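Modelling step: build the complete structure from the supplied sequences, incorporating the hints.
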Amino acid sequence: MNSTETPVDAAIAELRLGAPSRWLWGTTIVGILAFIGTQIYGFTTPSSEEMGNLVKIMFVHVPTAEISFLGVLLMFIASVLYLVRRQERHDLLGAAGAEVGAVLTALTLVQGSIWGRPTWGVWWTWDARLTSEAVMLVILVGYLALRAFTEDSGRRARWSAAVAILGALNAVIVYWSVQWWRTLHQPHSSPMTVARPYRYALRLNDVSMLLIFIALVAWRYRAAKLERAAELLREEAALKQGGSYAL
Amino acid sequence: MGMRGEIYRATSLALKDLTTERRTKANFNAVVFLAGLMLLLFGFALGPDADALRNAAAGVLWLTVLFSGVQAFHRSYEVELETGALETLLSYPGSRKAIFVGKLLANLAFILLVEVIVVPVSAVLYNLPMGRLFPGLLPVLFLGTLGFVTLGTFYGAMASRLRARDVLLPLLLFPMLIPVLVASVEATSALMVGDVMGEMASWIGLLVAFDVIFLFAALLTFETVVEE
Amino acid sequence: MDRRHVQETARISLVTDGAATGPALELAQVARRFGRRWALRGVSLRVESGQVLALAGHNGSGKTTLLRVIGTALRPSKGGGRVFGKDLVRDADEVRARVGSLSHAAGTYGDLTAHENLAFALRMAGLRPDHDAVRATLETVGLGRFAEERARTFSSGMTRRLALARLLLNPPKLLLLDEPYASFDVAGVALVNEFILKTARDGGTVIVATHDLDRASAVMERVVELRNGQVVGDEPYQAGPRLAATLPDTALLGGGD
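Residue numbers (my numbering), protein chains in the order written: chain A, 1 to 247; chain B, 1001 to 1228; chain C, 2001 to 2257.
Calculated directly from the structure, the hints in this document are not laboratory data. Worth double-checking, as some hints may not be accurate.
List of simulated lysine to any residue pairs, SDA-like, C-alpha gap at most 20 Å [to be verified]: (1) K240/A / V2231/C; (2) K240/A / R2227/C; (3) K240/A / H2058/C; (4) K240/A / R2082/C; (5) K2086/C / G1002/B; (6) K240/A / K2086/C.
Rough simulated footprint, nothing fancy, chain A against chain B, three-plus residues with beta-carbon under 8 Å [what the hints assert, rightly or not]: (7) 1178-1185; (8) 1213-1221.
Computed from a predicted structure; not experimentally measured. Just so it is clear, CB atoms sit at the ideal spot from N, CA and C, and this is done for glycine as well.
Structure below.
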């Protein structure tokens, strides 16, 4: 470490702040436009015979569900990176991924409910994918709750990284266990299985949802880094002004 | 320090924990009593139809063990935190994995002992066909308990040091135990009808995989969470 | 003698370890943060083997944090250091084998007896407990009568003596004491200083963090002052261990190793 650089300067430098790049703006704008476009496309196509307009909810539901997994995946990767490299920004990235993932997962569950009720008369089906989404939501909320209750940022980063890794592993195991479990008892028709005729449109929606996910995470990540840098600077300023921590 | 030294340290720690526990039996008694109470309450909530109770018994038993057993993990670390003994434990030469294994062994003994009492009580209250369930249920019970204790010991190391520990430990721990719950309940149901479809092997396989994966993951990351 | 040790290298003996040539401690720009607060802001220090150093400073100056970093209880956020040539982060385990700490929290178990506490400490260091040595050490710190009493019944002074006994049983090459004089009566203070002198006499190194320099003045040879996590003063101190010659032979100083 450079002898004239204070530890605070070094910590802030590691956060790798910068102005929002062209790519970030581009992704955001394209994502929003694409999403709006595909929704309009979806809702103006003629409805299918059996399901009527209701099935169009899957244009939002399916992409939301599929991209919500990325939240857990990103949290997992960022956590592994953090434990190996101990760079603060990786911790912040994982948290951003988890937050966006939690929102998408919650939305998936709500959409599933909204679809299920008029279609099959039930608010909830215990099918493998919906149940896994619910478990994923609990895992993400647990991760975020742990972060909320841990005050020291070093401890928070280490602990939530460990929790994230185990939680992500569990999400996979739960998915398989519930699949298995469901095949033993009579399976309901899954909301996901009716999508076949709309494959192409759904792929497009997936892409637009992916762009939105990336944009949301990137903006959240940037905000978190700025917040952390501001905290460090504020503390440094308070020290210079106040003189010392002496009690 | 070599493997023998680490095993020695782990067993010494486990014995110390069990000695401490034996001297303040209050904790064990409270957990067993709480478990018995829960079995009773579940009975009221689900019964009195004998068939309904028998079908729900496996799930009820596990939920009871989970909710009452969580106390054990808090206590395990409380002992260390009261007098700053945790930092002293960490200051000895040797691996943190030995500390994890030591705590795990002590908690395992504790929960198994609770089950020795609670399982027969549930068999009585819920009219379980013990002839069909034993000895087939023993590996399921043991493997499930091992998974529970592995994760409880791991998450307990964190939750016990936070203010919101009573909420946070269940919040973090219980979602992790869903596979254990599913596997154990299914295995028990299979056994009750004589396991006509040969499912037992699959569920035991799942439990073994679960235990191995999380024991490995916990051992790898324990050092990170137990240090400061 | 072999039967005592489950693992031979668990504790390096003061006398036989040949690495006495290099410095006991070298720190380079060690910084440590807790959240947004930096407790240490770049501390560099070099302590030679056999020195007795007093670490002075007000509460909040970073003394405890520095000791904890040296003892590997905390990882530095920035910078690093070596203890007897072993890196604090990469060789943390080897550092622990050579360092012993007394912090303000005694780290004893209330439901175990004094004897059991010490036996457990030996086991956790990978050693098979020598019960005679345990009894003798308890006598030395004045807890002989309470050997079979549960530690929960002890006063704070007694608990600290028990913690001291733990260090005496397995003396480290680098001894770190954090406010060792607190909650001790006059006899306890004398005990601490005797232990420091004995360690120094046997070739060990001692760092005493204290805001009570009066008490440490009987034993210290150098005073390093911390403020706001930085070193602001580093002076040798004359009185030091030469005083030892005038102290009476006690069980600790005069008795066997």
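Hints, one by one, checked against the model:
1. Proximity of K240/A to V2231/C is assessed by CA-CA distance (about 17 Å); at most 20 Å being required, the pair is judged to hold.
2. Taking the CA atoms of K240/A and R2227/C, the gap is near 13 Å; set against the 20 Å cutoff, the hint holds.
3. A distance of roughly 18 Å separates the Cα atoms of K240/A and H2058/C; the hinted pair therefore holds under the 20 Å criterion.
4. For the proposed pair K240/A and R2082/C, the alpha carbon gap of about 31 Å is over 20 Å, so the pair is violated.
5. With a C-alpha separation of about 19 Å, the suggested pairing of K2086/C with G1002/B holds against the 20 Å cut-off.
6. Between K240/A and K2086/C, the direct Cα distance comes to roughly 35 Å. Violation of the 20 Å bound is thereby established for this hinted pair.
7. Closer than 8 Å: that is the beta-carbon criterion, and the region 1178-1185 of chain B has 4 residues meeting it against chain A, so the requirement of 3 holds.
8. For the region 1213-1221 of chain B, the stated coverage by chain A holds: 5 residues have a C-beta nearer than 8 Å to a C-beta of that chain, and at least 3 were required.
The earlier numbered hints that this structure contradicts are 4 and 6.
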